[in-house]
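Here the protein sequences come in this chain order: A and B. The numbering of the first sequence is our numbering, which starts it at 1 and goes up by one. The numbering of the second sequence is our numbering, which starts it at 1 and goes up by one.
Do not rely on the hints blindly, as some may be mistaken.
Copies of the same chain look alike in the list, so a pair counts if it fits in one copy or across any two.
[As the list claims (entries may be wrong)] Simulated crosslink set (SDA-like; lysine to any residue; CA at most 20 Å straight-line):
id : residue 1 : residue 2
1  : Lys-207   : Glu-386
2  : Lys-358   : Arg-379
3  : Lys-358   : Val-121
4  : Lys-358   : Glu-189
5  : Lys-207   : Met-305
6  : Lys-358   : Thr-103
7  : Lys-207   : Leu-9
8  : Lys-358   : Val-85
9  : Lys-358   : Gly-287
10 : Lys-207   : Val-378
11 : Lys-207   : Ala-11
12 : Lys-358   : Ser-289
13 : Lys-358   : Arg-100
14 : Lys-358   : Phe-86
15 : Lys-358   : Leu-9
16 : Lys-207   : Ser-231
17 : Lys-358   : Ala-108
18 : Lys-207   : Arg-379
19 : Lys-207   : Asp-370
Hints in this document: simulated from the structure, not taken from any laboratory.
Number of protein chains: 2
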Amino acid sequence: VALGDELILGASVDTNTSWLARELLGLGIENTRTLVAGDDEADAAEALRLAFAAAPLVIVTGGLGPTEDDQTRHAAARVFSRELVFSDEAWQGVVAWFERRGTEIPAANRRQALLPARAQVLRNLTGTAPGFAIEEAGRLLLALPGPPAEMRAMFTDAVRPRLLARVQGGLAQRSFQIQGLPEARFAEEVGEWMARGANPLIGCSVKDGILSVTLRARAADPDRAQALADSRAAQFRERFQRYIFHEGPEPVEEVLGGLLIARRLSVSAAESCTAGLAAAQLARVPGISAVLGATFVTYSNAAKMEVLGVRAETLASHGAVSEQVVAEMALGAARRAGARAALAISGIAGPGGGTPEKPVGSVALGTAVDGRVETRLVRLPPTTRESVRAGAANLALVELLRRLLRGEGPA
Amino acid sequence: VALGDELILGASVDTNTSWLARELLGLGIENTRTLVAGDDEADAAEALRLAFAAAPLVIVTGGLGPTEDDQTRHAAARVFSRELVFSDEAWQGVVAWFERRGTEIPAANRRQALLPARAQVLRNLTGTAPGFAIEEAGRLLLALPGPPAEMRAMFTDAVRPRLLARVQGGLAQRSFQIQGLPEARFAEEVGEWMARGANPLIGCSVKDGILSVTLRARAADPDRAQALADSRAAQFRERFQRYIFHEGPEPVEEVLGGLLIARRLSVSAAESCTAGLAAAQLARVPGISAVLGATFVTYSNAAKMEVLGVRAETLASHGAVSEQVVAEMALGAARRAGARAALAISGIAGPGGGTPEKPVGSVALGTAVDGRVETRLVRLPPTTRESVRAGAANLALVELLRRLLRGEGPA
């Protein structure tokens, strides 16, 4: 259950419940229903009741702040027919937070120490709102703060260990990152492995051209769960080998960034349609500064020539979206930045600019490693300008990663 | 109601319901409850029933695809006690979509033409899944496809006009983009204007340091609604004048990009911690290629010196995150790209790298217009590495926009 007028009225997107659903699935607990309601005690209480009608464990996020809007404590007290009482333990947590900040406690924050009677306090180390847990007659309610960073920290520190202790039997998980296979074809080829109730069960999410696949096996005996996962993972590997570029849950930039850092391989980028997305994605990786050289956004032909040294005649004979141009872009970026590796992207993001030979979604990708260039021309689904750009950035990172995995660019 | 195993299990975040809630609010319709359920007929039907228990209008997204998983048509038929029948009209839409693509229709797609009896078909021009509407006894169910691009197109084309025709009286809307005021202080200063039931009602969403504010007035008489909106807008303008950088719903890159294009003012960027985010954000604007010169990501000090000509002694005496360095970065980018305007960003995104004088979240921003430089040092909330980077990119765009709005850089 996610609570908040900002969620129900669309000012913010609720990312908490999907994060929690993934964490719970990792513990072998399947979310069966999500409810979102506004900052209103009756609505919130009704949402909690409807959630308990579907499952004995309910996690509620939001509504724990210091303002009149924040109704979770009242709603929980109502659902469990308890009084609200002032919790010294919760109050100590609020006091400690303000003391760490060296600021005075606003009077309103006293409300945050009001909890349903006999609720167990969940300490919040990253914010003011204390969480709480109520367990009664086989039902467990966990109330966590709404800000995602606070919610995640509290779940990880205080909730996850508690749930883990209750999970029956063993759970084993394997993850794969896949590129080059459309989702529909993947679903077809994976067939019954993805059916509900399958064990191991395969789950899959798609983002910007990359399929992230998780395989989860459950068994009463933990060793048996591991064996089930290993056996299905081996079958999976055999079936999808040519598309898998990484085993594990990490996104491509993390795997690529880790390899570049480990090999001390300096890297640059030359981006046209993605206009900085690939560099920004790579720069998410902490520690990347050790290897990330200058990168260049060269949107216009003039910029490609002046900054990267792409030749006018290459542009004229092959067009800006061509394997020849991205080859020169990649080499130019590497040279200009003094980097051993570089990637280059030039494509037609749309909505305009497509031609019969090169429709919207056409993207030329180039990579250079120690002066050796590889290029490809791909067609991404022309769904939106943003989806083409995000997909192109992702693909370029995968291209460079695949080369490093083949052993190019050793330390 | 959003349907899909990928949503309930956390593989994807549901962005459809919050988009729809905003659109509905624009029509004066308040969302009261959101439910998310998996790809299971009984769960989906139960979610529809619970939604109708809260409101007479229910919009369901997802579950209209061609696979066995897609249960919306079955659930809707069950809730309204109707048979599923093959709809020739829906089938013609599916056929037309494949014909436009020039590909054969897979046998599975025939399922998509099965609709509850007497449902009205909503044509899908951007995908295969037909939507449908069922109206009975004061209840209206609208079933839209799950992919956001398809859902949005169908809502805009087929649903919005239908709902608009039913909205009683007049609705007037004014929007403002605000920067420089923390959300909590905004909420304090806006006070009772934001209270539930206020008319005009003020809604606010915050993203990466920018507050997007919408003011909605309702009245039986449309002229009266306009007058109410104008009067509150005037008060709002007076109270928040120094923070407003744009009146309208457009995001900063669209306003800035539009001005740059209108003035034929060429632009470049030099980015350190944001590593391409600002350029990528600006490049979202269609037509930006006319003015977007080369831009540079210079993460390391070496790159700042070699590519942008930042002086070693400036870096040594003031540090990379300083007004002096971003001034040289902005001028260097403009010179290197041959652009009249440029922005520069250098900051500490964290988690490491903070110092007592320059903690995580410190960002130096520089702008250059026709050789004149302005700089600022700001402190963003150090929530996450990504939030600091996204906020810094946004702020840099706002800084340049404010200069253009003051009349700098005429065509």
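The hints, checked one at a time:
1. Proximity of Lys-207 to Glu-386 under the C-alpha cut-off of 20 Å is found in both arrangements, the shortest distances being 12 Å within a copy and 18 Å between copies.
2. Taking the closest pair of Cα atoms, Lys-358 and Arg-379 come within 20 Å of each other only inside a single copy of the chain (9 Å); across copies the shortest separation is 45 Å, beyond that limit.
3. For the identical chains of this complex, Lys-358 and Val-121 are neighbours neither inside a copy (59 Å) nor across copies (34 Å), given an alpha-carbon limit of 20 Å.
4. In this homomeric assembly, Lys-358 and Glu-189 never come within 20 Å of each other (Cα to Cα): the closest approach is 29 Å inside a single copy and 53 Å across copies.
5. In this assembly of identical chains, the alpha carbons of Lys-207 and Met-305 never lie at most 20 Å apart, being 33 Å within a copy and 37 Å across copies at closest.
6. Taking the shortest Cα distances, Lys-358 and Thr-103 sit within 20 Å of each other only across copies (18 Å), while inside one copy they are farther apart (58 Å).
7. Taking identical chains as interchangeable, the C-alpha atoms of Lys-207 and Leu-9 lie at most 20 Å apart only when they sit on different chains, with a minimum of 15 Å there against 26 Å within one chain.
8. In this assembly of identical chains, the alpha carbons of Lys-358 and Val-85 never lie at most 20 Å apart, being 67 Å within a copy and 41 Å across copies at closest.
9. Only between protomers do Lys-358 and Gly-287 lie at most 20 Å apart by alpha-carbon distance; the minimum there is 19 Å, versus 38 Å within a single protomer.
10. In this assembly of identical chains, Lys-207 and Val-378 lie within 20 Å of each other by CA distance solely inside one copy; the values are 17 Å within and 33 Å between copies.
11. For a Cα distance limit of 20 Å, the shortest separation of Lys-207 from Ala-11 across copies, 10 Å, qualifies, whereas the shortest one inside one copy, 23 Å, does not.
12. Taking the closest pair of Cα atoms, Lys-358 and Ser-289 come within 20 Å of each other only across two copies (19 Å); inside a single copy the shortest separation is 36 Å, beyond that limit.
13. Proximity of Lys-358 and Arg-100 under a CA criterion of 20 Å is satisfied inter-copy only: 17 Å between copies versus 57 Å inside one chain copy.
14. Neither within a single protomer nor between protomers do Lys-358 and Phe-86 lie at most 20 Å apart by alpha-carbon distance, with minima of 66 Å and 38 Å respectively.
15. In the homo-oligomer, the alpha carbons of Lys-358 and Leu-9 never lie at most 20 Å apart, since the shortest distance is 41 Å inside one protomer and 38 Å across protomers.
16. For the identical chains of this complex, Lys-207 and Ser-231 are neighbours neither inside a copy (27 Å) nor across copies (45 Å), given an alpha-carbon limit of 20 Å.
17. When the C-alpha separation of Lys-358 and Ala-108 is checked against a cutoff of 20 Å, the pair qualifies neither within a copy, at 60 Å, nor between copies, at 30 Å.
18. For a Cα distance limit of 20 Å, the shortest separation of Lys-207 from Arg-379 inside one copy, 16 Å, qualifies, whereas the shortest one across copies, 32 Å, does not.
19. Taking the closest pair of Cα atoms, Lys-207 and Asp-370 never come within 20 Å of each other, the shortest separation being 30 Å inside a single copy and 41 Å across copies.
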